[in-house]
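Below are the chains, spelled out letter by letter.
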Amino acid sequence: MLVAWRYRSRPRSFIQSFDPRAWMMFYGCFLFSTLAFWDVRFLIFFAAIALFVLLTSGVTWSEIRRALLFIVGFVTIFAFFTFLTGRGGVELYAQEHLIRRFEAPFSILGWTPALDVTVERAFFGVSQFVRVFSIAIMTILIPYSLNPALYGITFRGLGLPDKIAYAMDLTMRFIPTFSRDFQLTMDAQKARGFELEKIGGGLIQQVRKIGPLMVPVTIHAIIGSEDIIDAMDLRAFGIGPRTWLQKLDYKMKDRILIGVGLTILLFSMALSTLGLGNFWVPPGLLALAGG
Amino acid sequence: MDKRMSSVLIWLVAILAIFAIIVFVLGNTLGIERFQTDNATLGLRFLFVIVGLLIAFAVYLFTKENKAWEVGTREVVWMAIGAALYAVFSWYFNATVFVVPSLSQVALRPAIAIPMFFGYAFGPIVGFFTGAVGNMFGDSISGFGLSPQWSIGNGLVGFIAGLPALFASRKKATDTVLWVGGALVLLATVVYFLNRGETNMMFFDPANNVFGDQPIALTAGIALLVGFVLVLVVRFAFGKNAAVGEAVIWGMLGNVLGIGFAAISDIWINGFSPTAAIVGEFLPAAGPNLIFAAILVPLLVAAYAAVQRQSGR
Chain A
1 MLVAWRYRSR PRSFIQSFDP RAWMMFYGCF LFSTLAFWDV RFLIFFAAIA
51 LFVLLTSGVT WSEIRRALLF IVGFVTIFAF FTFLTGRGGV ELYAQEHLIR
101 RFEAPFSILG WTPALDVTVE RAFFGVSQFV RVFSIAIMTI LIPYSLNPAL
151 YGITFRGLGL PDKIAYAMDL TMRFIPTFSR DFQLTMDAQK ARGFELEKIG
201 GGLIQQVRKI GPLMVPVTIH AIIGSEDIID AMDLRAFGIG PRTWLQKLDY
251 KMKDRILIGV GLTILLFSMA LSTLGLGNFW VPPGLLALAG G
Chain B
1 MDKRMSSVLI WLVAILAIFA IIVFVLGNTL GIERFQTDNA TLGLRFLFVI
51 VGLLIAFAVY LFTKENKAWE VGTREVVWMA IGAALYAVFS WYFNATVFVV
101 PSLSQVALRP AIAIPMFFGY AFGPIVGFFT GAVGNMFGDS ISGFGLSPQW
151 SIGNGLVGFI AGLPALFASR KKATDTVLWV GGALVLLATV VYFLNRGETN
201 MMFFDPANNV FGDQPIALTA GIALLVGFVL VLVVRFAFGK NAAVGEAVIW
251 GMLGNVLGIG FAAISDIWIN GFSPTAAIVG EFLPAAGPNL IFAAILVPLL
301 VAAYAAVQRQ SGR
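Sequence order for the protein chains is A and B. Note that the working numbering has the first sequence beginning at 1, numbered continuously upward. Note that the working numbering has the second sequence beginning at 1, numbered continuously upward.
Mixed in with the good hints there might be a few duds.
[As the list claims (entries may be wrong)] The calculated lysine-lysine pairs, modelled on DSBU-like cross-linking and capped at a C-alpha distance of 35 Å, are:
1. B:172 x A:209
2. A:209 x A:190
3. B:240 x B:171
4. A:163 x B:172
5. A:209 x B:240
[Claimed, not checked] Some residues of chain A that are not near chain B, with every Cβ distance over 12 Å (derived):
6. 40
7. 54
8. 58
9. 117
10. 173
11. 212
12. 219
13. 226
14. 237
15. 244
16. 255
17. 259
18. 262
19. 267
20. 284
Derived by calculation from the structure, the hints in this document are not laboratory data. Note that the Cβ used here is the ideal one computed from N, Cα and C, for glycine as well.
With the hints as constraints, model all of the structure from the sequences given.
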C-alpha cells in the first residue's frame, strides 16, 4: 500500500497557483540566496517571504501542526544551545562583547557553571534561528503543496532526463511509504521482544541490533519493487522517448515568479560578493556592552 | 566519443575552470578577500560537487562498453527504492526522532549500509543515485543544513561499491582492493596517532555542552582500524560465500574514498587543516561507517541472495 504525503488541491493557495517547475526554481533561488547571508537584517526579508508563503499556502493548522512544531522546536533548541555555548559562531566573529555574566551560586569540584551573555552570541543565535527557520518552512511546504501526479513531469521539465526524473518521482513517493513500513516493522519486532533502545553489550552487539529492523524493511521494499518493475515493463517503460500524462505550461505569473527568484538570487550574490550580509550586530548594543 | 558526451564533458570542464579562476586568481592571487578559499564556501561546495561528478564520469568514460552502466526499468526502480530507504533510515537513526545511543564519541550511522548494498547488488549508477539523492532528501526532511559535497561523497560510496561488476577477474580485483583499502586505513590511523590532540568535529552532544570540540577519543580514532579488522574477519570467515566478502571490501573502499572526498573537500570549503580534516572529520565519520558496513552489509547480501534464489530473478 502506498502512503502519500499530505497533498490536496487547495484552490485558494498561493503556492499551488503556480506551475510546480516555477515553484521549484523559486525555491532553489530562495535556498541559495538565504545561505549567502548571516546578517539578520537581510535574513528577516527571507523569513518574511517564508511566512507569507506559509500563511497563504492554504495548509490548515491541523494538517501541518506536527511537522511545524517539530521543526520550530528543533530550530529553537538548536539556536538556544548555540546561544548558551557560543559555539558554532566562532568562525564568524573573533571578538565578543559581554553584556552580563551569570554565575551559578555553587561550584562542582572547583568548576562554577557560568553563562556569558555576549552581544555576538545572542545575535548569532537569533540569526541562526531566522536563517534555518526560513529554509525549513519553505522545505516542509513542498510535500504539502506539490501534486504527486506532477512529480515526474516537474523534474523532467526542470531538465532532468526521463529516467532520472522518473526515479526522483518514485523516490518522493516511496519515502512516506517506507517510513510507515519502518514503523510497522519496529512495532512488530518490539512485540517480539526486540529492544533497540536498550543500552548494553559491546559495539558489535549494538550494531547487530539494527539488523532485525533494517533487513526486513529493505528486503520487503526490494520484493515489492518487482510488482512496480513488472507494471512499468508492461507499459514499455524506457523503450522510446517518454510522454507524460500531464502537461505543464508556463503562464505569465510563473514567468514572473521565476524572474523574481532569479532577481533575488542575483542581488544576493552581488551583495555577498561586495562583502555585505556577513554577520552583523547592532552597534547600539555594542555601545551598551561597553565596546 | 560521441558528440553528446563530448559536449557534456566540455561543459563540466568549463564550469570547473570558471570556479578555479574565481577562487585562485581573484581570491588568492589578487587578494580579494571575498573569494579566498575560506570565504567563498558556497561556490566551493559546488566546485566539489562537480569534481565528484567528474570522477564518476571519468570512470564511466573508460569502461562505457560495460553492461554495468545500463539503466533499464529495474535500475530506475531500484534507484528510487535505495534513495528513499537511505533517506528514511537516515531520518530515523540520525534525526531527533529516534536516537540510537552513541558509544563514546562513535556516532552510529547504520544507514550507510544502504548505498553500499544497493551499489554492490544493483550497480554503480544505482549506488550513486541512492547515496547522493538519498542523502539530499534525508538532510532536507530532518531539517539539517545543506552540504552538497557530502551528498556527492555519499554518492561515491555507493558508486564505488558497485564497481566490481566492471572487472573481468572479480576475485583478483577484490583482493587488490582489500590491500589498497587496508593501506589507506592504516595510513589514516597513523595520522591519528601522530595527531591525537585534534578535536572530534563530528561529535555533538548538546546536553553535555559538546559541540564538535572535544579531543578525539581513542574509540573514534581507531574505529576505522576496528572496521578493517571486521572486514578481514568477514572476508576470511565467509571464504565460501564470495559475494559477502566482495560486498564488504568494495563497500570499504567506497567508504574510505567517498567520505574521504567529502572530508578532504572541507580543507578548502571550511578552511580546515589537512590533519583536522583527516583526524577530526574523516576518521570519526568513516570509522563507525565501516563497522556498520562490515556487519550490516553481509546481512543484507545474504538476505537478498535468499530472495533471489526464491524468486529466480
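Do the hints match the structure? See the list:
1. Between residue 172 (chain B) and residue 209 (chain A), the direct Cα distance comes to roughly 33 Å. Compliance with the 35 Å bound is thereby established for this hinted pair.
2. Of the pairs offered as hints, the one joining residue 209 (chain A) and residue 190 (chain A) holds, with about 12 Å between alpha carbons and a cut-off of 35 Å not exceeded.
3. Straight-line distance between C-alpha atoms of residue 240 (chain B) and residue 171 (chain B) comes to about 12 Å, which keeps the hinted pair within the 35 Å bound.
4. Between residue 163 (chain A) and residue 172 (chain B), the direct Cα distance comes to roughly 34 Å. Compliance with the 35 Å bound is thereby established for this hinted pair.
5. Annotation: proposed proximity of residue 209 (chain A) to residue 240 (chain B) holds, straight-line Cα distance about 25 Å (limit 35 Å).
6. Distance check for residue 40 (chain A) against chain B: the nearest CB is about 17 Å away, which clears 12 Å, and the non-interface claim stands.
7. Non-interface call for residue 54 (chain A) relative to chain B: holds, since the shortest CB-CB distance, roughly 15 Å, exceeds 12 Å.
8. Separation of residue 58 (chain A) from chain B is adequate, the least Cβ-Cβ distance of about 22 Å exceeding the 12 Å criterion.
9. Distance check on residue 117 (chain A): its Cβ is at least 16 Å (rounded) from any Cβ of chain B, clearing the 12 Å threshold; non-interface status holds.
10. Not every C-beta of chain B lies more than 12 Å from that of residue 173 (chain A), the closest at about 8 Å, which undercuts listing it as non-interface.
11. At roughly 9 Å, the least C-beta separation between residue 212 (chain A) and chain B is not larger than 12 Å, which violates its mark as non-interface.
12. At the 12 Å boundary, the C-beta of residue 219 (chain A) falls inside the reach of chain B, the nearest C-beta of that chain being 5 Å off.
13. Distance check on residue 226 (chain A): its Cβ comes as close as 7 Å (rounded) to a Cβ of chain B, failing to clear the 12 Å threshold; non-interface status is violated.
14. Not every C-beta of chain B lies more than 12 Å from that of residue 237 (chain A), the closest at about 5 Å, which undercuts listing it as non-interface.
15. Non-interface status of residue 244 (chain A) relative to chain B is upheld: no Cβ of that chain comes within 12 Å, the nearest being about 15 Å off.
16. No Cβ of chain B comes within 12 Å of the Cβ of residue 255 (chain A); the nearest lies about 25 Å off, and the non-interface call holds.
17. At the 12 Å boundary, the C-beta of residue 259 (chain A) stays outside the reach of chain B, the nearest C-beta of that chain being 22 Å off.
18. The claim that residue 262 (chain A) lies off the interface holds: its Cβ sits roughly 16 Å from the closest Cβ of chain B, which is beyond the 12 Å cut-off.
19. Listed as a non-interface residue, residue 267 (chain A) keeps its Cβ farther than 12 Å from every Cβ of chain B; the least gap is roughly 15 Å.
20. Separation of residue 284 (chain A) from chain B is adequate, the least Cβ-Cβ distance of about 27 Å exceeding the 12 Å criterion.
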